[in-house]
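The listed protein sequences correspond, in order, to chains A and B. The opening position of the first sequence corresponds to residue 24 in this note's numbering, with each subsequent residue numbered one higher. The opening position of the second sequence corresponds to residue 59 in this note's numbering, with each subsequent residue numbered one higher.
Hints in this document: simulated from the structure, not taken from any laboratory. Every residue gets a Cβ at the ideal spot worked out from N, C-alpha and C, and that includes glycine. Some hints could be false.
Stated by the list, open to error - In silico BS3-like links for lysine-lysine, alpha-carbon gap of 25 Å or less:
| # | chain 1 | residue 1 | chain 2 | residue 2 |
| --- | --- | --- | --- | --- |
| 1 | A | K103 | B | K131 |
| 2 | B | K85 | A | K184 |
| 3 | B | K85 | A | K65 |
| 4 | B | K689 | A | K210 |
| 5 | B | K647 | B | K708 |
Said to hold, decoys possible - FRET-style restraints, in silico, Cβ to Cβ:
| # | chain 1 | residue 1 | chain 2 | residue 2 | range |
| --- | --- | --- | --- | --- | --- |
| 6 | A | G155 | B | K132 | 32 to 38 Å |
| 7 | B | I74 | A | Q64 | 52 to 58 Å |
| 8 | A | I156 | B | K647 | 51 to 57 Å |
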Amino acid sequence: MKEEIRASSGWSSLGILFFLAGFAAAMIFGWVIFPELLYSQKTQPVNFSHALADHQGSGCEDCHSFREDGTFTGIPRLAKCAECHESPMTESPDEKVLVEEYIQKTREIPWLVYAYQPDNVFFAHAPHKAKGIECVQCHRDVSNESKNPPYRENRLTGYSKSTMKMDACEKCHAEQGASNNCEICHK
Amino acid sequence: MKVARRAFLQFTAGAIGGTLLTPVPWKLADDSAIWSQNWSWRPSPERGEVTQVPSICTFCEAGCGIRARLVEKKRAILIEGNPSHPVNRGGICPLGSAGLQFLYAPYRVSRPLKQTRKRGDVSGFQAVSWEDALKEIGGKLNRMRSEGRPHSLAAIISQQPSSVSELWSQFFKAFGSPNLFRMPDHADSLSLASSLVTGRAAPPALALEKASYVLSFGAGLLEDRSSFSRNQTAYAEWRQEGSHKLIQVESRCSMTAAKADKWIAVAPGTEAALALALAHVMVKEKAYDPEFMSGSVFGFEDWTDSQGKSRKGFKSHVLAECAPEQVSEITGLDTTTIRELARDFIIHKNALVVWGSGASHRPNNVYHDLAFMALNLLKGNFKADGLMTLQPEIPLAPLPEVQLDAHARVGLGKMRLDLAQAGRPPLTGNAIYPFLDAVVKGGAYPIDMLWVHECNPAHSLPENQLFESALMKINTLVSFSSYMDETAQMADWILPAPTALERYDDVVGLPGSPYAYYAVSAPILPAPEGTRNTGDVVLNLARGLGGDVQGSLPWKDYQAFLKFRVEGLAASARGAVADNAEVNLGQLKSGDALKLKISGSDALWKKLVSGACWYDAPEQPLKDLATVSGKVELALQSLEALGVHSDEDKIFLPHFAPLPPSGSDKDFPLQLVAYETQSLSNQYLPNPPFLTKLLPDTLLKGDDLLVEVHPRTAQPLGLTEGDRARIKTPQGELQVRVHLTAGARPGAVYVAQGLGHKAYDEFIKGKGVNVNAVTEVQIDPVTGLGTTWFTRAQLVRA
Chain A
24 MKEEIRASSG
34 WSSLGILFFL
44 AGFAAAMIFG
54 WVIFPELLYS
64 QKTQPVNFSH
74 ALADHQGSGC
84 EDCHSFREDG
94 TFTGIPRLAK
104 CAECHESPMT
114 ESPDEKVLVE
124 EYIQKTREIP
134 WLVYAYQPDN
144 VFFAHAPHKA
154 KGIECVQCHR
164 DVSNESKNPP
174 YRENRLTGYS
184 KSTMKMDACE
194 KCHAEQGASN
204 NCEICHK
Chain B
59 MKVARRAFLQ
69 FTAGAIGGTL
79 LTPVPWKLAD
89 DSAIWSQNWS
99 WRPSPERGEV
109 TQVPSICTFC
119 EAGCGIRARL
129 VEKKRAILIE
139 GNPSHPVNRG
149 GICPLGSAGL
159 QFLYAPYRVS
169 RPLKQTRKRG
179 DVSGFQAVSW
189 EDALKEIGGK
199 LNRMRSEGRP
209 HSLAAIISQQ
219 PSSVSELWSQ
229 FFKAFGSPNL
239 FRMPDHADSL
249 SLASSLVTGR
259 AAPPALALEK
269 ASYVLSFGAG
279 LLEDRSSFSR
289 NQTAYAEWRQ
299 EGSHKLIQVE
309 SRCSMTAAKA
319 DKWIAVAPGT
329 EAALALALAH
339 VMVKEKAYDP
349 EFMSGSVFGF
359 EDWTDSQGKS
369 RKGFKSHVLA
379 ECAPEQVSEI
389 TGLDTTTIRE
399 LARDFIIHKN
409 ALVVWGSGAS
419 HRPNNVYHDL
429 AFMALNLLKG
439 NFKADGLMTL
449 QPEIPLAPLP
459 EVQLDAHARV
469 GLGKMRLDLA
479 QAGRPPLTGN
489 AIYPFLDAVV
499 KGGAYPIDML
509 WVHECNPAHS
519 LPENQLFESA
529 LMKINTLVSF
539 SSYMDETAQM
549 ADWILPAPTA
559 LERYDDVVGL
569 PGSPYAYYAV
579 SAPILPAPEG
589 TRNTGDVVLN
599 LARGLGGDVQ
609 GSLPWKDYQA
619 FLKFRVEGLA
629 ASARGAVADN
639 AEVNLGQLKS
649 GDALKLKISG
659 SDALWKKLVS
669 GACWYDAPEQ
679 PLKDLATVSG
689 KVELALQSLE
699 ALGVHSDEDK
709 IFLPHFAPLP
719 PSGSDKDFPL
729 QLVAYETQSL
739 SNQYLPNPPF
749 LTKLLPDTLL
759 KGDDLLVEVH
769 PRTAQPLGLT
779 EGDRARIKTP
789 QGELQVRVHL
799 TAGARPGAVY
809 VAQGLGHKAY
819 DEFIKGKGVN
829 VNAVTEVQID
839 PVTGLGTTWF
849 TRAQLVRA
């Protein structure tokens, strides 16, 4: 009787196997399937190649510029594209979409922005740039990128997967000796 | 079976253990918190280029510089104070910063509406085109003129000093109606008081910025919206410098009283009696400015009237009738307090008397305005570069002479309706109450059509039921409101104007300010298609009437009219333009060499629409006196000329002249006093929800308004904090709750103004009750203006 009880409450080698199977299944779900499920994948309306020599200009700020009042323009408007692409310059199918779908119809391109911060965050590029922080310290290096990566949107929150989170902001602020007071970012 | 169950449990345990080592629970917890940021019903501004547009706020008359933040130049997301504007230097009041809630309000009227059912039935409003609306109304106007009754058109317009009121006057004159009224304002009684003392109808202007001791008789320095930024800036400077003193004489512990160095709680409405007692002490102790009183003032000493009758002067009057012992009972203050206050006022240099009735939009009893002015005269404040002067004129281009056609001459041949009554007062002011009264009682002639512009008399006029009764006798009510307010709801036509943020307008002078000020408010956004600036509508109707009416109003549109006004400013070459906050307007002295560096009116216009303002130094107070004696008159000789005959000498002197409220002390043992607060809009604009959020639970709890009562008043009535009660006055009844506070004077009940709307949306409608519905207005027999100080009331447990 005693032995029976021990057998029924203890871990047999088969039991450990079941446990490990459950453990493995959870790990696979959690690390592999869950991230795929959580984020939807969207492609940009137009594929823009940063790698093209003509697109490179003399640096990021040729297109991603600051306005006179110090605010950052972000992604250029259609007008900037139209400066060169009034009509197709190449045989590229991407360019064809740009010209026919947007420039000729004077419709702004609904770019999916990888790095937008939530509304409750005030972020200004100007002071970061003044501090000498390079674009690539926060954004991906696009200098050799000929195809835009898919935009991955969190199905629950609606934010881009690559939205920088508060811990990253705080860490850098702490390291640089910048203030981490609430009202610095949440105005 | 046994194994399967055990295996399942072992598998689950493994899965749970494994899950805890994956991001799943942690990421889900984090994301669901972030998910709440993006609930679809949470408003979120669209992304895009953000720009700033400067303008001038015209939500009230304070003339503040503002900046609006726009996304993609089409969506306004913020209004903030303009730091380079000299009046408010970046500051902004709660109403201004909540201003966008008017722009995007669900209760906006965006197309002309015509009432097709019974008046007041909102579902009966039908959208019509502007062309049809103007054609129909224009037709009615034409008929009124051809039938010889243009005087049956009347209007009630806003009290805000804008050029649009000049346009209204011009139109009414050319059309042929004398019946144009503004909503009541303290400036109404102040300008009449000035006209008695100086012969000029400009209200007194008080240099708060230069005073180092301010004795305020009920002036809502920190509540009053009409000179909000100017007062706040002056107050901030006093407190920074530290040596200034502010004494507040008021029955209730208002914000101003709470922040003053001393609060003297007098009986409601008896501030003038106290002022005269101070005058008594000053005279008795010879602590007045003798040189000024003998050289520049008439009537300080005894005088002889035009009939040769010897009359008492101000000196004899205050010595005989205003001793602290005589005033003590009236004011409820002991004689020591009165004497101490008088000494304090006497020993302080740069001491200024300011006054009000707790609310900026209420005329005062003219004798009381005069009593406070007299105290400033005794102090020698009305001298060159003294602390009191008159509000300067702004040298805008005068409107062309009106060409009166035959119809207009018929209409203007009639007396204004209130003046055509028996018992008209000696002074002619903005007597809106006698006018409404005459309409109700069927005066000398009927009023056929009433226009209401930028005001909401059905709610914000004290004793508002008088307006409603008058409306029953008027065939057509035309509202020019941007919103579906109480008055618009009652209208037969609504011709909606764009909001103050979407049109050109101007600010002509700041209330009570010694320096001259002019600013143009440019739209931050274009007007919605279905709305039209009322100035444009008036010009359009004038064009439709043709002939001399059109000829007297020759401007293409309202903007052209404003440009025309600015031409006068440029041509005067007076003053200067300020586009930064370095200019210290409060410290300007008359005769300061200012230079208008801009030549040409186009250049000046451009500068003004970019958020700059025009200003000029104060005027010398004794300039252009137009009195019988050629001096400042404390004995009001001009009243004689206006037909006032009395054996009583004090009729010609500033004196304490309380107007008895109706009802008996026995039935209504308490005194109901309405008060104004910073966080409640109480005129044309309703309280936007952002502002209502600022109201404490001791003022508005849920939908219940709390009235302030002293614990000693509440106790015998069996009332404790938060209890429901009914206020009864001879005018009506309100359901309220009580808040017990030592800041209330025993025997008085204090009710906030601005709540109790019956229109607008769910966030405004039904919040609290409207004190105007139970307020009693007393008509000043000298000016015909409706004054309010207290209403007799009864408070009972509900």
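Checklist entry - Would the pair K103/A and K131/B pass a check requiring their Cα atoms to be no farther apart than 25 Å? => result holds, 19 Å
Checklist entry - Does the Cβ pair I74/B, Q64/A satisfy 52 to 58 Å? => result violated, 30 Å
Next on the checklist: For K85/B and K184/A, compute the direct alpha-carbon distance and say whether it is at most 25 Å.
Outcome noted: Measuring from Cα to Cα gives roughly 12 Å; hence the hint holds.
Next on the checklist: Given the hint of 51 to 57 Å, is the C-beta distance from I156/A to K647/B inside that range or not?
Outcome noted: The hinted range 51 to 57 Å holds for I156/A and K647/B, with Cβ atoms some 52 Å apart.
Checklist entry - Going straight from one Cα to the other, do K647/B and K708/B come out at no more than 25 Å? => result Violated, at about 36 Å.
Checklist entry - Would you say the C-beta atoms of G155/A and K132/B sit inside 32 to 38 Å of each other? => result holds, 36 Å
Checklist entry - Is the hinted pair K689/B and K210/A satisfied, with a Cα-Cα distance of at most 25 Å? => result Violated: K689/B and K210/A sit about 58 Å apart, past 25 Å.
Checklist entry - Taking 25 Å as the top limit, are the C-alpha atoms of K85/B and K65/A close enough? => result holds, 21 Å
Violation of the numbered hints given earlier is confined to hints 4, 5 and 7; the remaining hints are satisfied by the structure.
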